[in-house]
Amino acid sequence: MPAAQATRYNAKVTEQKWQQEWDRLESFRVFEDSALPKYYVLEMFPYPSGRIHMGHVRNYTLGDVVARYKKAAGYNVLHPMGWDAFGLPAENAAKENKVHPAKWTRENIAAMRAQLKTMGLSYDWSREISTCEPEYYKHEQKMFLDLMRENLVYRKESWVNWDPLEDTVLANEQVIDGRGWRSGALVEKRKLSQWFLRITDYGEELLAALSTLNRWPDRVRLMQENWIGRSEGAHIRFDIMGRDEKLEVYTTRPDTLFGASFCAVAANHPLALSLAEKRDDIRDFIQECNRSGTSEAAIETAEKRGIDTGLEVRHPFDDNKILPVYVANFVLMEYGTGAIFGCPAHDQRDLDFARKYGLPVVAVVAGKDIDPETIVIGNDAYSDDGVLINSHFLNGLDVSTAKAAVIDRLEEIGAGSRAINYRLRDWGVSRQRYWGCPIPVIHCLSCGIVPVPEDQLPVELPEDVDLSGAGNPLDKHPTWKQTPCPICARPAVRETDTFDTFFESSWYFARFAAPHSDSVGFEKAAADYWLPVDQYIGGIEHAVLHLLYSRFFTRALKQCGYLKISEPFAGLMTQGMVCHRTFSDETGRWLFPAEVKQKDGAWVHKDTGQAVTVGRTEKMSKSKRNVVDPETIIATYGADTARLFMLSDSPPDRDLEWTDAGVEGAWRYVNRLWRSVFTNPEQFSDVGAALPCPLSDEARSLYRMSHRTIAEVSRDLDRFHFNKAVARVRELTNSLDSLKGGGPDTAWVKRFGWETVVQLMGPMMPHLAEEMWQGLGHETLLVDTPWPEYDPELISEESVEVAVQVNGKLRAKVILPKDCDQSAAEKQALAIESIQKAIKDKTVRKMIYVPNRIVNVVV
RNA sequence: GCGGGCGUGGUGAAAUUGGUAGACACGCUGGUUUUAGGUACCAGUGGCGCAAGCCGUGGGGGUUCAAGUCCCUCCGCCCGCACCA
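Under the working numbering, the first sequence has 430 at position 430, and the numbering climbs by one with no breaks.
Keep in mind that the hints were calculated from the coordinates and are not lab data. Careful, some of the hints might be misleading.
To be verified - List time: in silico SDA-like cross-link candidates among lysine to any residue, alpha-carbon distance up to 25 Å: (1) 619 - 660; (2) 809 - 847; (3) 95 - 179; (4) 606 - 581; (5) 481 - 102; (6) 524 - 581; (7) 558 - 150; (8) 321 - 397; (9) 524 - 539; (10) 12 - 95; (11) 189 - 150; (12) 813 - 786; (13) 156 - 397; (14) 846 - 808; (15) 246 - 226; (16) 524 - 606; (17) 827 - 803; (18) 558 - 542.
Keep in mind that this is a model prediction, so the values were computed, not measured.
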C-alpha cells in the first residue's frame, strides 16, 4: 500500500475484511479430535431482546479473548453461541404490538446475530442453537420423561409463589424481597398442582461438591452454600393431649427442650387447617397470613402473632409439663415440619411471641462466668454457647454435648430422632405461560397422568393462540389440548403448563457440545469429549438461580445416562457490570449520554444548552437512560477499540465505568499501533531473517524485554488479568517507539518486537492484529499462528536495581548484578554517600539482604 | 439481624512468600507541529517544601530489620440471605 495514502486506521473496512476472511476459511469451526487437548469456553447465552447492550459486549469480549488465546496456545477450542429464546417479553411484545412471539423472537435473533458478528467473535456459528425451536426443546421433553422414570419428577398440590402481574408461578429463587424477580409485583401464596424436580435429593451432594469447584469465585460458592442452607438438629414428636395424634417439630436446638413453653404450627399446617373447619378465628387468621404472605410489610413489622388452638401437647421428658399449641404467623410451612417448639429464653422470635401472649420464659443455658441464680432474660434472648441449667439430666453439660444427649434420649423413648434439614426446596417448573416448552404429559380421566410416548415427541407449541387477556393461552386454545389418551385412547387433555425457562438454560451447554444428533438424546461421544465447560463466563446475578439449576440438572442427566460428568462448569468467571454516569435535566427527567455535552467544564444539554445535573454512576439501564449503544460505538471506532476499552482499565470481576475519554484513549492506541507498522514499513528487516550478531546494547535490551513481555502477558492471560496484560503490551509498545538507531540489528529487533505486540494483542484486538500481521509480510493468518514462546534464558534481567534502606527507610538505590552475593551487595551499599550520611556515627548492628530486592542497614 | 467483601493519587487501577507504593492508562499543566479544531510529538504530574528533606495505602494501636499486605480495634461503603426454628 502507498504509505502516504492514509495516516489513520479505517476500522470499518478492515474489520469487515477479516470477518469475511475468517468466515470464508471457517477458522473457528471445530470438531472432536482426541489427539488435541480440548478447551470449552462459554459465555452465558443471551435472551434475544433485540439489541445487544454493553454488558453483552463485555461478556463476549472476555470470552473471546480466552477462546482465541487458548486456540493459539494449541487447544482444540469450542466456543459457541446461541439464544435463550423462550420467555415472557415475547408474550408482552405480542400483546403490545400484535406480533407473534415466534416472529418477534426470530427477528430479534437475526438482529442480534448481525450485531454480534460486527464484534469479530470467534464463534463456531455452525453450532448456533435457539431454545424456542422444536429442534431444541424436543430433547428437553425427552429428558423430562427420563427424569420421570428416574423418580426425579413429581406432581404436588402445593402452596406456590404467585406473581399476580405475570399470572404465573415463580420458583423460590425467583422471589426477591417478596416480589417477582422480573415483574416486581408483590408475590401471593396460592395452592396449585405443579410439577417439581427433586433438586433436594441432590442437596447434600450439591453442597459437598462446592469444595471441588476451585476455579469458581468463593463468593458464588458461599452464596450457593447459604442457599442450600444445611442445618443439623432433631425431629421431636409431641403427644397431643386427648388425641391419638402427634405433633412433629424440627429444631436445631434440642438442648433447650426443657426451656420449651409452647408449640406453634404454620398457618397452612394440616393441624391448623383441620381446626379451621370449626374455628372461624383460626380460619380468618390463616387467610390473613396467606394474604400478607412474604410481603415486605409483613416482614418489616415482623410482629409475632398467633392464635391459641386450645390443643395441648405433653413434654417428652416430663409428663407433668403441658405446652399450649398455637397457630403462629412466623412459622413457615415450607421449612422443616411446619411446626416448632418455642423456647423463649434462647430464641428471639419465641421470646417476642412469649412476651406478647404471657408465656413462661425459662433460661436453660447460662453463659460462661454467669451465676445461674441471677439470670434474667429481658428483651434479648440468649443464643450463644454456654452450660445447661434447669434441665434435669442435662445440667452442667455444654450445648453441643447436651444436643447429643437429648437426641439419644429421644431415640430411646421413640419420641424423636437426629435430623438434617435444608433451606433448599424442590424446583417448581410449571409455568402458566404460552411462550415456553410444553410439558409432555397428558391427563386422562381414567388413566391419570400419562407421559407422551416418545415417538410422539416433540409436543409442539401451536402457532394460533390468543394472547390477549389474562390466564394461560394454551389452556384457552380451542383444540390444541384435546388428544386421545395414549393408553386407553379415550379423549384426554394435554398439560397446558410450560416449563420454567431456566429448564432450557440448565442443559444448553451440553447441546452445544453435541449438536449433530437429530433424534433424541445426545451424541454421547461428542458430549463426553467436550464437557465439562472449562471456562464459563457471565454475570454474578446468576450465582444461585441458573448455576445451581445447571449443577443439579447435570447430575440428573448423568443419572439418566446422558452424561458422564457431575459438574457442568469447571471454571467460572463472574464479570462486573458496565456502569455510566447518570444525567438529568431541571425537571428531573433522565437524559441519554448522547443528549449531553461538556462546555467549559460544565455539563449542558446538547440542543438547548441548559445545565444538566450529573448523578452518580450506576449500572447502565434503560430506566435511567445511562446507556451507550454498542452499535454506535462500533460504527464510530470499530470493534477492536470497544474490546480494548472493555479489557484495559478494570479487572473482569469489577464494575467498569464507561467513559468517552476512555474510549478515545483506546482509539488513539489503535491508531498508534496501526501507524507503527504501516507508515514506514522499511524500518523492518525481512520476514524470517536471521538474528544479527552481535546486537547493540539497546537492541539487546529490547529483545529481552520482548521475551519478558511474552512471559508476563501469557501469565496474565492464564489468570484472566486482562488489564495487566494490556498494560504490559503498552509498555513494550512505548519502548519500541523510543528505540533509536537504524542498523540491521535495530530493524531486526523492531520486527521481532512488533510481531510480539501483534501476537500478544491478537486475542484482544483480533482485526487490527490480523491486519498488522499481514502488513508485516506474513502470508498465513494470525488466527492460525501458534502463541509466541519465550526463551527462559532471556527473560531475567542481567542487572537489577536494589533498594538500600537504613532502618527500613529508603535512602538509595544501587544497580547490582543479578543474584549478587551478600557480601558484595553490602559492601556496595555501604559505599554509597547518602547511606553513610544516614548512618552518621552510629554503629551498624546488622544488615538484611534480600537478593535482587533490598539491602537494609540496621543501626 | 446473620453471612461475606472492600477502603491505595483528581480518576480507573498496579504492587510474588511481608521487601523500592502508585506500573499502565485517563485527566490535567507547559511546550512543539498544524490554516484551524482534533490528531501527533516532547516534558511534567501523590501531598508539603526553594531545597535538603518530611509526610503518605479509611482512623487508632500492635507484631517486625521491614506492613497496602499479618494481628487487634473503630469508622465508612458494597453485596448476598432474611420470621429457615
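Outcome of the hint check:
Between the alpha carbons of residue 619 and residue 660 the distance comes to roughly 16 Å, so the proposed pair stays at or under 25 Å and holds. Among the hinted pairs, residue 809 with residue 847 is consistent with the structure: their alpha-carbon atoms are about 13 Å apart, no more than 25 Å. Under the criterion of a C-alpha separation no larger than 25 Å, the hint pairing residue 95 with residue 179 is consistent with the structure, at around 23 Å. Among the hinted pairs, residue 606 with residue 581 is consistent with the structure: their alpha-carbon atoms are about 16 Å apart, no more than 25 Å.
Distance restraint check for residue 481 and residue 102: the Cα-Cα separation of roughly 20 Å lies within the 25 Å cut-off, and the hinted pair is therefore satisfied. A hinted pair counts as satisfied when its Cα atoms are at most 25 Å apart, and residue 524 with residue 581 does not qualify at roughly 49 Å. Proximity of residue 558 to residue 150 is assessed by CA-CA distance (about 11 Å); at most 25 Å being required, the pair is judged to hold. For a cut-off of 25 Å, the pair hint linking residue 321 to residue 397 stands: about 22 Å separates their Cα positions.
Proximity of residue 524 to residue 539 is assessed by CA-CA distance (about 29 Å); at most 25 Å being required, the pair is judged violated. Taken as a hint, the residue 12 and residue 95 pair is broken in the structure, with Cα atoms around 38 Å apart against an allowance of 25 Å. In summary, the hint linking residue 189 to residue 150 is not supported, as the alpha carbons are separated by about 30 Å, beyond the 25 Å threshold. Annotation: proposed proximity of residue 813 to residue 786 is violated, straight-line Cα distance about 40 Å (limit 25 Å).
Proposed proximity of residue 156 and residue 397 is contradicted: the alpha carbons are some 44 Å apart, above 25 Å. Restraint check: the Cα-Cα separation between residue 846 and residue 808 comes to about 12 Å, which is no more than 25 Å; the hinted pair holds. A hinted pair counts as satisfied when its Cα atoms are at most 25 Å apart, and residue 246 with residue 226 does not qualify at roughly 32 Å. Note on residue 524 and residue 606: the hinted pairing is violated, with a Cα-Cα distance of about 59 Å set against a maximum of 25 Å.
With a CA separation close to 14 Å, the supplied pair residue 827 and residue 803 stays within the 25 Å bound. The suggested pairing of residue 558 with residue 542 holds, with an alpha-carbon distance near 23 Å, which does not exceed 25 Å.
Violation of the numbered hints given earlier is confined to hints 6, 9, 10, 11, 12, 13, 15 and 16; the remaining hints are satisfied by the structure.
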